[in-house]
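Participant: As a plain string of letters, each chain reads:
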Amino acid sequence: MNNRVVITGLGICAPNGTTIDEFSVAIKKGLSGIRHQPDLEALNFSCQIAGKPVLSEERISQYFTPLELRNLNSTGIIYGVIAGLDAWKDAGLTIEDNEDPDWDSGTIFGAGTSGIDKFRWAINKIDALEIKKLGSSVVIQTMASGISAFISGKLGLGNQVSTNSSACATGAESLLLAYERIKTGQAIRMLAGSTSDSGPYIWGGFDAMKVCTFKHNHEPEKGSRPMSATASGFVPGSGAGALVLESLESAMARKAKIYGEVLGGHINSGGQRGLGTMTAPNPTSVQRCIQTALKNAGIEAQEIDVINGHLTATTKDALEIENWKTAMQLPDDDFPYINSLKGMIGHCIAASGSIECVASMLELSEGFIFPNINCEDLSPEITALIDAKYIPQTLIHKPFNILAKASFGFGDINACIIFKKYTHE
Amino acid sequence: MNKEEIIEALKTIVEPYSEEVSAIANIDENTDFINDLKINSANLVDIVLDIEEKFNIEIDNDSMAKMLTVKATTEIIAQKLEANAG
Chain L
1 MNNRVVITGL GICAPNGTTI DEFSVAIKKG LSGIRHQPDL EALNFSCQIA
51 GKPVLSEERI SQYFTPLELR NLNSTGIIYG VIAGLDAWKD AGLTIEDNED
101 PDWDSGTIFG AGTSGIDKFR WAINKIDALE IKKLGSSVVI QTMASGISAF
151 ISGKLGLGNQ VSTNSSACAT GAESLLLAYE RIKTGQAIRM LAGSTSDSGP
201 YIWGGFDAMK VCTFKHNHEP EKGSRPMSAT ASGFVPGSGA GALVLESLES
251 AMARKAKIYG EVLGGHINSG GQRGLGTMTA PNPTSVQRCI QTALKNAGIE
301 AQEIDVINGH LTATTKDALE IENWKTAMQL PDDDFPYINS LKGMIGHCIA
351 ASGSIECVAS MLELSEGFIF PNINCEDLSP EITALIDAKY IPQTLIHKPF
401 NILAKASFGF GDINACIIFK KYTHE
Chain H
1 MNKEEIIEAL KTIVEPYSEE VSAIANIDEN TDFINDLKIN SANLVDIVLD
51 IEEKFNIEID NDSMAKMLTV KATTEIIAQK LEANAG
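As you go down the protein sequences, you meet chains L and H in turn. Take the first sequence: its position 208, counted from the start at 1, is 208 in full-length UniProt numbering, and no numbers get skipped. Take the second sequence: its position 34, counted from the start at 1, is 34 in full-length UniProt numbering, and no numbers get skipped.
Read the hints as simulated data drawn from the structure, not as lab findings. Backbone N, C-alpha and C define an ideal beta-carbon position, used for all residues, glycine too. Hints are supplied without guarantee of correctness; some may be wrong.
To be verified - Across the chosen pairs, the derived CB separations fall in these ranges:
1. L/253 / H/30: 19 to 27 angstroms
2. L/100 / H/2: 16 to 24 angstroms
3. H/35 / L/35: 49 to 57 angstroms
4. L/100 / H/41: 17 to 25 angstroms
5. H/71 / L/65: 41 to 49 angstroms
6. H/60 / L/120: 23 to 31 angstroms
7. L/205 / H/25: 44 to 52 angstroms
8. H/41 / L/19: 32 to 40 angstroms
9. H/84 / L/130: 15 to 23 angstroms
10. L/126 / H/25: 35 to 43 angstroms
11. L/252 / H/30: 52 to 60 angstroms
12. L/125 / H/11: 21 to 29 angstroms
Stated by the list, open to error - With a cut-off of at most 35 angstroms between alpha-carbon atoms, the simulated DSBU-like pairs for lysine-lysine come out as follows:
13. L/125 / H/66
14. H/3 / L/125
15. L/420 / L/222
16. H/11 / L/154
17. H/66 / L/154
18. H/80 / L/132
19. L/255 / L/420
20. H/71 / L/132
21. H/54 / L/125
22. H/11 / L/125
23. L/389 / L/421
24. L/133 / H/66
25. L/325 / L/183
26. L/421 / L/28
27. L/133 / H/3
28. L/125 / H/71
29. L/295 / L/389
30. L/133 / H/38
31. H/38 / L/89
32. L/255 / L/222
33. L/398 / L/421
34. L/154 / H/38
35. L/133 / H/80
36. L/255 / L/183
37. L/215 / L/389
All chains, full assembly: derive it from the sequences and hints.
Facilitator: Below, the structure written as structure tokens:
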């Protein structure tokens with residue numbers, strides 16, 4: 001089996017937009033979703049700004065039953081269910097209440113951790129000798145696979161239902177795992193995506209590691225500065241992105257809208273050898289991941305029109321560009337356009353890859369390249385590697401064919417996906 | 001609190017856990033939480049928590065295991081209320 005795999009549905013729950021329409025407008029305009037967070041300030045965080053999706057109670061109640069809402073204290077599950085169900089509907093798929101599940105559809109919906117606020121509440125109850133008060137809602141919200149379990153129950157999925165976890169590469173990995181499942185003929189449709197909780201208990205560890213910026217608490221929207229000379233650490237974010245992957249055959253049979261095709265990709269690790277550590281990437285493995293993804297997709301480096309980078313706004317941004325450059329071996333005056341969504345929404349950790357894949361699919365299907373924001377002062381280390389014209393700071397309207405998306409994560413792990421515009425044949 | 005009052009209070013408690021509208025409306029002593037109200041068995045512990053809060057009583061593990069029908073539940077609540085009063 002070697003099925004072609006296309007993307008037929010998108011769903012989003014991002015700090016700068018919680019519907020595809022809203023998000024699409026926001027990324028074209030370069031609108032920031034980073035806000036000052038009073039709870040982080042009250043808790044003496046160094047970084048007191050973050051990106052959080054804005055959702056009304058009314059919106060949330062459209063996706064959950066009153067009983068589910070009663071003890072729901074897991075932002076990641078809320079974001080993931082909203083993005084997941086919206087992607088399903090966007091694909092023109094219906095939610096049936098049949099006796100049998102849909103055996104041909106599954107989900108790989110990733111998460112770094114689940115229901116961290118619920119977990120904190122449960123721990124406090126246990127320590128206060130009130131274990132019985134936990135009730136039945138703790139396990140389903142705090143198990144890592146809580147998000148895929150919630151989604152599959154709502155959609156009635158009967159194929160593989162799983163949650164992957166690979167730090168900041170989680171979202172990109174979920175898409176590639178779903179892709180392989182369809183490509184090899186084991187499923188017809190897979191909902192790929194990932195989600196990440198909001199709040200101090202998920203972001204605290206990063207704050208303590210001093211990897212987040214503490215210089216922009218007074219100007220939140222300027223805080224996330226990928227590729228800038230004044231980049232001083234990432235801004236934490238949260239949310240979810242979801243994409244319906246489907247065999248081309250199935251998409252055509254039901255005359256579905258097609259956003260683009262997944263040509264292939266690669267996932268690997270630097271093994272924390274060479275320059276790689278728990279927190280730093282091994283450049284050899286990053287380059288190898290990109291090169292193997294190209295080979296897997298059957299394309300040459302010069303065919304890439306746009307790179308959606310990982311580019312978090314730490315000192316490693318220049319190293320990432322250098323890795324792309326080394327991996328692609330292009331002539332000195334040639335490089336694809338490169339952009340980072342993190343300037344607008346911060347680093348949404350486990351959700352970053354899938355939110356950025358949704359943005360990438362919008363760019364590819366509509367023919368635009370969203371602007372990089374907050375890098376008007378480009379890092380000289382980066383401009384020594386590539387010409388500034390490849391780092392657009394205003395919206396570009398331009399149809400293009402191939403987009404490469406990469407995500408890199410703690411544990412020295414990498415994922416790279418190659419997307420192609422789908423031209424109706 | 002008499003039996004009818006307990007059943008009435010119980011009805012309000014179990015209502016959010018069941019989608020069986022007519023079975024809820026016709027709730028009586030013979031109603032079975034799982035067979036008649038189609039309540040997810042995992043939610044039975046939540047119903048017990050709600051009962052404890054509503055009646056201000058404590059329900060031990062042995063009693064909890066018996067609380068599968070309105071009849072058994074009403075009896076246990078009545079016993080606990082009586083013990084509290086005593």
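Participant: Compare the structure with the hints numbered earlier in the document and write down the numbers of the violated ones, lowest to highest.
Facilitator: Going through the list in order, the structure violates hints 1, 2, 5 and 32 and respects the others.
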